[in-house]
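A.B. asks: Required output: the full structure, derived from the provided sequences and hints.
Numbers given in our numbering equal positions in the sequence shown, counted from 1, plus 58.
Please keep in mind that the hints were generated in silico from the structure rather than gathered at the bench.
Note that the coordinates shown come from a computational prediction; the quantities given were computed from them, not determined experimentally.
Please note that a few of the clues may not be correct.
[Claimed, not checked] Under the rule of at most 25 Å between Cα atoms (straight-line distance), these lysine to any residue pairs were calculated in the SDA-like manner:
| no. | residue 1 | residue 2 |
| --- | --- | --- |
| 1 | Lys69 | Val87 |
| 2 | Lys69 | Ala98 |
| 3 | Lys69 | Glu84 |
[As the list claims (entries may be wrong)] Simulated restraints, written as ranges between beta carbons of each label pair:
| no. | residue 1 | residue 2 | range |
| --- | --- | --- | --- |
| 4 | Leu67 | Ala108 | 16 to 24 Å |
| 5 | Ala108 | Arg68 | 15 to 23 Å |
| 6 | Lys107 | Gly70 | 35 to 43 Å |
For each residue, glycine too, the CB sits at the ideal point set by N, CA and C.
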Amino acid sequence: MDDTAYSALRKGAAAYLHLDLPLECEAGVVENLTLLEKHATVLEGYLSKAEGE
Numbered sequence: 059m060d061d062t063a064y065s066a067l068r069k070g071a072a073a074y075l076h077l078d079l080p081l082e083c084e085a086g087v088v089e090n091l092t093l094l095e096k097h098a099t100v101l102e103g104y105l106s107k108a109e110g111e
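C.D. replies: Here it is as structure tokens:
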């Protein structure tokens, strides 16, 4: 993932965290952001391998 895409993902996540959500939604938000972070890490690994080949 290039810096621009990664920055956009992080900015979107930060904006998502600052929404005024009901308490019952907060756990879901944290779970979704955790999954997004894991997926971004996996994608970065694939891109690094592809760029190295």
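A.B. asks: Could you work out which of the previously given hints the structure breaks and list their numbers from low to high?
C.D. replies: Those not satisfied come down to hint 6.
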